[in-house]
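J.: Here is what each chain is made of, one letter per residue.
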Amino acid sequence: MTSVELDALRLSLEVAARSVAFSLPPAVVVAWILTRARFPGRMLFDAFVHLPLVLPPVAVGYALLLLLGARAPLGAWLRAHFGIQLPFTTAGAALATAVMTFPLMVRAMRLSLEGIDAGLEAAARTLGAGPLDRFFSITLPLMLPGILAGAVTAFAAGLGEFGAVITFAANIPGVTRTLPLALYTAMQSPDGEAVALRLAILSFTLGLTGLLAVELLVRGVRRRLGR
Amino acid sequence: MLRVSVVKRRPGFTLAAAFAAPTPGVIGLFGRSGSGKSTLIDTIAGLLPPDEGEVQLAASVLTDTRSGIAVPPERRRIGYVFQDSRLFPHLSVAGNLRYGEKRARSIFHYIRFEELLELLGLGPLLERRPHELSGGERQRVALGRALLSQPQLLLLDEPLASLDLARREEVLPYLERLRDWLSIPMVYVSHQFEEVLRLATYLVLLENGRVLAAGPVGEMSLRPELRTVLAPDLVGAVLDGLVTAVDAAGGTVELAVGSGRLQVSLRDVAAGARVRVQLLARDIILATQPVHSLSVRNALRGTVVEITPEEAASVLVRVDVGGPVLLARITEAARRALGLSPGDAVWVLVKAVSTRGHAFRLFGAPARAS
Chain A
1 MTSVELDALR
11 LSLEVAARSV
21 AFSLPPAVVV
31 AWILTRARFP
41 GRMLFDAFVH
51 LPLVLPPVAV
61 GYALLLLLGA
71 RAPLGAWLRA
81 HFGIQLPFTT
91 AGAALATAVM
101 TFPLMVRAMR
111 LSLEGIDAGL
121 EAAARTLGAG
131 PLDRFFSITL
141 PLMLPGILAG
151 AVTAFAAGLG
161 EFGAVITFAA
171 NIPGVTRTLP
181 LALYTAMQSP
191 DGEAVALRLA
201 ILSFTLGLTG
211 LLAVELLVRG
221 VRRRLGR
Chain B
1 MLRVSVVKRR
11 PGFTLAAAFA
21 APTPGVIGLF
31 GRSGSGKSTL
41 IDTIAGLLPP
51 DEGEVQLAAS
61 VLTDTRSGIA
71 VPPERRRIGY
81 VFQDSRLFPH
91 LSVAGNLRYG
101 EKRARSIFHY
111 IRFEELLELL
121 GLGPLLERRP
131 HELSGGERQR
141 VALGRALLSQ
151 PQLLLLDEPL
161 ASLDLARREE
171 VLPYLERLRD
181 WLSIPMVYVS
191 HQFEEVLRLA
201 TYLVLLENGR
211 VLAAGPVGEM
221 SLRPELRTVL
231 APDLVGAVLD
241 GLVTAVDAAG
251 GTVELAVGSG
261 RLQVSLRDVA
271 AGARVRVQLL
281 ARDIILATQP
291 VHSLSVRNAL
301 RGTVVEITPE
311 EAASVLVRVD
321 VGGPVLLARI
331 TEAARRALGL
341 SPGDAVWVLV
351 KAVSTRGHAF
361 RLFGAPARAS
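Residue numbers (the working numbering), protein chains in the order written: chain A, 1 to 227; chain B, 1 to 370.
Source of the hints: derived by calculation from the structure; they are not laboratory data. Please read these numbers as outputs of a predicted model, since none were measured by experiment. All C-beta atoms, glycine included, are put in the ideal place defined by N, C-alpha and C. Among these hints, one or two may not hold up.
Stretch by stretch, here's where chain B covers chain A in the computed footprint (C-beta under 8 Å, at least three residues) [stated by the list, open to error]:
| hint | stretch |
| --- | --- |
| 1 | 115–128 |
| 2 | 138–150 |
Sample of chain B residues facing chain A (criterion: CB under 7 Å; computed from the structure) [unchecked claim]:
| hint | residue |
| --- | --- |
| 3 | Arg103 |
| 4 | Ser149 |
| 5 | Asp283 |
Derived contacts from chain B toward chain A, CB cut-off under 8 Å, selection only [said to hold, decoys possible]:
| hint | residue |
| --- | --- |
| 6 | Phe13 |
| 7 | Glu74 |
| 8 | Tyr80 |
| 9 | Tyr99 |
Just chain A, same shape as in the assembly (with noise of 0.2 Å):
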């Protein structure tokens, strides 16, 4: 592989694995509350959640700019107690790819959560088990299947992620550009075929690899829960 090759996979590893890293929690919180929770707005916040599925990804990268681009309140305010920047760096590449793969996470997660009998965390209840010790003992554990199908499809999808990124982050080599960011950059260069040729091969095979490990993963958990 060339550097550019390289350069490019690794970047795109690190953006997929920090934008899982960052939306795993807050997407084991939203799934649970959209499943166990009842409260007046919850179609409207789970239609909020499920919003990036169906926009441009463009749209939500702009949206992002909207909200914490340099000039913008929230932007300048984390940018000023926290010396944080977004846009323009890998971490803003990542936070946009967690936006976008956010909904299906959360997706792969209320699935499971939907499977687990409630009647289970009643009879924790009833053997002494508070709040917080029922979640961590009983729920969590046997979401376990699904974080797991959450966190490695939206990883395989953030691999590809582009359009909001490209919006986001822009295309900066070494900084943002990603696989399919590199892949598009190669395709507008007049020499660049045999290059998008071999990028476009690396990305069916990291998506191929990516969608067999949760199928894999899921079934080997299944298997240990009996079920």
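Since the structure of chain A is already known, use the hints to place chain B on it.
T.: Relative to the frame of chain A, chain B by itself:
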């Protein structure tokens, strides 16, 4: 004493039930499906808050809607054995058993892990996962898990309902052992009279969300309210008696019942044991004179107390046999032929074998406790 008085309104159904039952002992909550039994014990467990009312166990008030007391289930120390066992699928049998025990660490442990394994025969199952257990084994593990949380009250919601007959027989003896060996108060929900008869010391009869009648099992067996719920063939007086003699070869024992003696088919009991029998009303024959040359072993002298007409041209006769009261079902035609009316002296004939299957040991269980 367990005092419960709750109102819970649901669309199309209102539970408005109140009873006060002595503890320790096994309180049988008996009624048809849909009579509100599960709703009622969920309010006792605290899993379902009542709209109004109170739940009090001994001196501790667990629920009181008027003064805003609602102890959460996790702090009630009430064990719950669910119909569907609800074992945690990600934990082994040992992990399930220890779950409640760990969380009861500040409490005096009256049941130790090793003792419990022996009591419920769980030793060989410890390493298994819940999905590797049979239905009966699951319920035994659920029972053990609830007990190890060191509860002050144990609720059992139709724990045998999902099991077939053979599996039931696998679990029932363990429940009897618990009742007799640990004096932990239990509330046993069932719509099978057989189970209630075998386990309960006190009976609460539930119908359409209301308590129809409540009292010690023997008394309740004579109450007309029970007959509105029970199949006619299952009606009959329940008596607790002491074994006075054992005929090991014949497989029968002799019980002292009132002023008379009763032969009952029962094995493996010693003289002095307390035994419960149900004498089904349909199996009892009445005679106005002493009868000889009959194969029937049991003849008790008694007095007719009351005659109640039933549907299907039969009458139910209450007979006092020197303290205990029996029920006999005879046809209206037979009553007329014998000319029976209250106050008449009669002979009550019971076949020894007819009581088989309804004879139960009750070792230390108090029929009436404080």
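J.: Provide an ascending list of the numbers of those earlier hints which the structure does not satisfy.
T.: Hints 5, 6 contradicted; others consistent.
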